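Undergrad: What follows is the residue order along each chain.
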Amino acid sequence: MSAGVKWRRFVSNFMLTLTGLCALVSVSVLFFILGYLVFNGGTSINWAFFTQLPKPVGEVGGGMANAIVGSAKLLMAASLLGVPIGFLGGIYLAEFSGSSVASVVRYAADLLNGVPSIVIGIFAYSLVVLPFKHFSTLAGAFALGLMMIPITLRSTEEFLGGVPRYLREGAMALGASKWKTIATVVVPAAYRGILTAILLALARVAGETAPLLFTAFGNLSWSHGWGQPTSSLPVMIFNYAVSPYEDWHRQAWAAGLVLLGLILIINILARTILSRGITVPRS
Amino acid sequence: MATAKTTLPNAGPVTGSRSFLSRLRDGDEIARLVTMVFAATVVLITLLLVYELWTNSALARAKFGLHFLVTRVWDPNIDQYGALPFMYGTLVTSAVALFIAVPLGIGAAIFLAELAPPRISDTLQFFIDLLAAVPSVIYGLLGVFIIVPLMRTVIFPGLNKPLGFMPFFKGPSYGVGFLTAGIVLAIMVIPYIISVSREVLLSVPRDQREAALALGSTRWESTWKVVVPFAKTGILGSVFLALARALGETMAVTMVIGNTPTISASLFSPGDSIASVIANQFTEATGDVYLQALVELGLVLFLMTFILNGLARILIVVTTQRGSGVPT
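For the record, the sequence lines run as chains A and B. Using my numbering, you'd call the opening residue of the first sequence number 1 and step up by one each time. Using my numbering, you'd call the opening residue of the second sequence number 1001 and step up by one each time.
No lab work stands behind these hints, which were simulated from the structure alone. As the structure is a computational prediction, the values presented were derived from the model and not from experiment. Any given hint might turn out to be false.
As the list claims (entries may be wrong) - Here are some chain B residues pointing at chain A (derived, C-beta under 8 Å):
{"id": "1", "residue": "1028"}
{"id": "2", "residue": "1031"}
{"id": "3", "residue": "1038"}
{"id": "4", "residue": "1107"}
{"id": "5", "residue": "1118"}
{"id": "6", "residue": "1187"}
{"id": "7", "residue": "1215"}
{"id": "8", "residue": "1219"}
{"id": "9", "residue": "1220"}
{"id": "10", "residue": "1221"}
{"id": "11", "residue": "1244"}
{"id": "12", "residue": "1264"}
{"id": "13", "residue": "1302"}
{"id": "14", "residue": "1303"}
{"id": "15", "residue": "1306"}
{"id": "16", "residue": "1307"}
For every residue, glycine included, the Cβ atom is placed at its ideal position computed from N, Cα and C.
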């Protein structure tokens, strides 16, 4: 009897330790990735990486200035598409729509969110690249913008829904119309949450590679305007990593460090904004 | 009543403010319409996506019909295309990924939800969230330069010597292949399994645990025999979600799978997946049927993830609602 209890205690402690190990292993992967990137990328990164154009195959040196600018342009244009649609659509869902309409929009957004990014690439290709007959910054931004919509939409809806009822009632009791209430009371009360969501959406698409392969394509030089193919950091990492050249591998590590650093900083920033803000329901 | 009567005589200013109010209500109407247009755009875009995939694969669908799904040949030279090797690669790599990620992920989720103090649990969850934010091309980069060499020098000899009699572990190994892709995918989907499973486990009512403990069960017994069964539908949902991610993952797989359309029982064999063949061949595709066959592959992938995501969502909602529905 007492042996049985001992055995059960032992099993309990053993299994619980095992779950702790699982957690430790999973989390340590993050630090391993970070450490490896900082080690490999840190030794490869230099000033030229940020200021110079890629050198032709075989020549050592050069940088990814055009890819950094390209990524910035892509993200800017993607936000211009994704944020307004997601944000205003989210307002509609939270404030105006009936439940049946809302569930259709919600369903569509969830579906869009689950579409593999490479399929989004095909979609952007057939909608933007084919009619214009060439790859362009615009097509890449379109693909990334599409991916931002569902995240922005669902979080806007969620955070607006979390604004307490009495704030709305107070504004309306003072004679504000519904629209005025939303614009001056509800949205400001939820803005931290919404800002967090937009930043997270931006961080997510910043690392997306697959939808850019045949929309923004790539460019060894500067891309002028919005109608030309453009280079971007994720695509450069991919191309350089699978190339056989030692110097390109070095630059792929440097680009990886820059990209991951950027994404993690946006993530941490976004989560800090949220945690410092008003209490909002945990999703 | 009395107050209503006393305000009635002041009808003049009220009508004035009424027209003002109704103008404001018009503003409400405009706001409603404008935001509705944006919400409708989301639905429209989603419908358009399905439509474009469907029409742009019309040629390939007409030429190959359902044989597309069971044909092994993929040869642009003779314009013959079959999806089987790619579907096989997608399924095998995802299966390997789940085989590794599910025990690890659920174990970690149990630790975070049941054992760790809230502060530690939240801190670890923060790191897990950051891990989920690492872009796939970075996982691919690490896969190419760490896991591929490791595969050649450590994992292949380690598995091939004792288990080489089984067809799964027959050599030779080139470093790249199904197993390598599966391992990279596993690392990528673990954060999703942990996050969702933790959430589901936390939604299990407290009294379930307390009842089990009061009956004399150990901590592990209450977790494994009471809490986990209570949450199992939701945990299954998290697994489906991870599977949908793994199926659709492109970059990390493309970089380490070898990109050769083969169907081989050996996990060390190079292969190809639906997403990676699209990534590699789309820009080079010459000829309408070739391009449309690739779009049709995209359609197949879309349908696979569509079904899985739907199932996952239903399972997660069912469990968390059941959990929160019980008074705690």
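Undergrad: If a hint holds in the structure, say so; if it doesn't, say that too.
TA: Here is how each hint holds up against the structure:
1. The beta carbon of residue 1028 (chain B) comes within 5 Å of a beta carbon in chain A, closer than 8 Å, and the hint placing it at the interface holds.
2. Taken as an interface hint, residue 1031 (chain B) checks out: its beta carbon lies about 4 Å from the nearest beta carbon of chain A, inside 8 Å.
3. A distance limit of 8 Å between C-beta atoms decides the matter here; for residue 1038 (chain B) the minimum to chain A is near 4 Å, and the interface restraint holds.
4. Taking 8 Å as the C-beta cut-off, the interface hint given for residue 1107 (chain B) holds, the closest approach to chain A being about 3 Å.
5. Taking 8 Å as the C-beta cut-off, the interface hint given for residue 1118 (chain B) is violated, the closest approach to chain A being about 12 Å.
6. Residue-level restraint check for residue 1187 (chain B) holds (minimum Cβ-Cβ distance to chain A is 6 Å; threshold 8 Å).
7. Because the closest C-beta pair between residue 1215 (chain B) and chain A is about 13 Å apart, greater than 8 Å, the hint is violated.
8. Annotation: residue 1219 (chain B) was flagged as interfacial toward chain A, and the flag holds, the nearest CB pair being 5 Å apart, inside 8 Å.
9. For residue 1220 (chain B), the interface hint holds, since its Cβ comes within 8 Å of a Cβ in chain A; the closest pair sits about 4 Å apart.
10. Interface hint at residue 1221 (chain B): satisfied, since its Cβ lies 7 Å from the closest Cβ of chain A, which is below the 8 Å cut-off.
11. Below 8 Å, beta-carbon pairs count as interface contacts, and residue 1244 (chain B) has one with chain A at about 6 Å; its hint therefore holds.
12. Annotation: residue 1264 (chain B) was flagged as interfacial toward chain A, and the flag is violated, the nearest CB pair being 22 Å apart, outside 8 Å.
13. The closest approach between the C-beta of residue 1302 (chain B) and any C-beta of chain A is roughly 5 Å, which is under the 8 Å cut-off, so the hint is satisfied.
14. The interface hint given for residue 1303 (chain B) is broken, as the beta carbon of that residue sits about 10 Å from the closest beta carbon of chain A, more than 8 Å.
15. For the restraint placing residue 1306 (chain B) at the interface with chain A, the shortest Cβ-Cβ distance is roughly 7 Å, inside the 8 Å limit, so the hint holds.
16. Look at residue 1307 (chain B): its Cβ only gets to about 10 Å from chain A, farther than 8 Å, so that hint breaks.
The structure is inconsistent with the numbered hints 5, 7, 12, 14, 16, although it conforms to all the rest.
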